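Given chain A, work out where chain B should sit, using these hints.
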Amino acid sequence: MPINYYIFLSIALFAIGIVGVLTRRNAIIIFMCIELMLNAVNLLLVAFSKMHHMKALATDAATTVGTDGQLFVFFIMVVAAAEVTVGLAIIVMMYRNIHSVDVNFLNRLKH
Amino acid sequence: MNITTILFWFLSVVALFSALMVITNKNPVYSVLWLIVTFFAISGHYILLNAQFLAIVNVIVYAGAIMVLFLFVIMLMNLNKETEPQKNRWLRMAGAIAGGCLLLVLVAALKDTDMKQQLAMTNGGNIGLIKNLGKELFTTYVVPFEISSILFLSAMVGAVVIGKKE
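Just so you know, the sequences run in chain order A and B. Residue numbers for the first sequence follow the numbering used here, so the first one is 1 and each next one is one higher. Residue numbers for the second sequence follow the numbering used here, so the first one is 1 and each next one is one higher.
So that you can see chain B by itself, here it is in the shape it has in the complex:
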């Protein structure tokens, strides 16, 4: 068992455990903090796959910007354990069973795929580095890149229009 395998299992257990804590925690602030742990574990997976650019962007955009926005909104509304609405027990159980069935079906369908012997390359390959991704982004994907900037502008304007008082 080499260090890559150990790190893979460690990061997977951290990601799954913290994801479970996100959906089981009663306090929304703790849920946000556990989700940040999940995102860091996924960033660790990216680093293990040598996708360094995506690992950094994941930490900056998701764990940084988006989660701060969530935390800010939760604290603005003063949500806590007491104000948290609860579904009744049967509905929660039905939801868990439905999700479990989806998990079962997908695992059963993909258990014996042809490509299961193939390896995902860890600790190597340089396609995940900024040089390669930047070159590809500003040549082949330059039009989607510019369109996404328009999307950001419209999202910004939309958020201001929705959020402002009448």
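The following block holds chain A by itself, in its conformation from the complex:
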């Protein structure tokens, strides 16, 4: 598949995630939209890794060019999992204190 199809698909998924973050007030949905954006970037990294691999295959049949991109995706998944555990713990704490997951109530943090 041409690489620009993957670029446009990832941009569209990323933009949908941005719109979700901007238009929702539920903290959990905002978190899910961040996950969606991370996945859009992951998809593009894998597509680019395969693109460079195909280019390198033309000169060397045993090349492993492009492995780095897929390992970055692996590390992004690791960091995302760690982020979700801490973030959801914070949201549960916030719900316990103010009985809501509405991010507009969080403006009392500034007082």
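Part of the chain A face toward chain B, derived, beta carbon under 8 Å:
1) T23
2) N39
3) H53
4) T64
5) I90
6) V92
It is worth saying that the hints were derived from the structure and are not from the lab. As the structure is a prediction and not an experimental result, all values here were calculated from the model. Heads up, the beta-carbon is just placed ideally off N, CA and C, and yes, glycines get one too.
Structure of chain B alone, referenced to chain A:
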């Protein structure tokens, strides 16, 4: 139109549609379920690119562990359509316009890139298999791998400390 092209378009439409349903659905539980559909579609894209390890990890970690955690928290708080807070209409419209502008700018900027004729290799190449990735992960990337295990440990401790009652 061969089977790879058909699968690419099918998975793309599924991913975009379910992503739109995530942000438009009023009920948070349905949003989580649609997000799982999105992750499965992205896993399908990984399989199409022959990144088999990442496809399996995506299903296990994202669609399995993380989404179960989200669903658990939503059900713990008993969120539903009635308790869902809504932004007012103008703010929502402004958000949609802002996101649409970002989409427009990025598409316009990347429309005529030099590499647009290049292909991403589908149905071939063995860099996405576990053998190659594991060898690279435990030789070149062994230090980041160990650091990420420390990150997991600290995240685990942090979640317990934040979540426990006073």
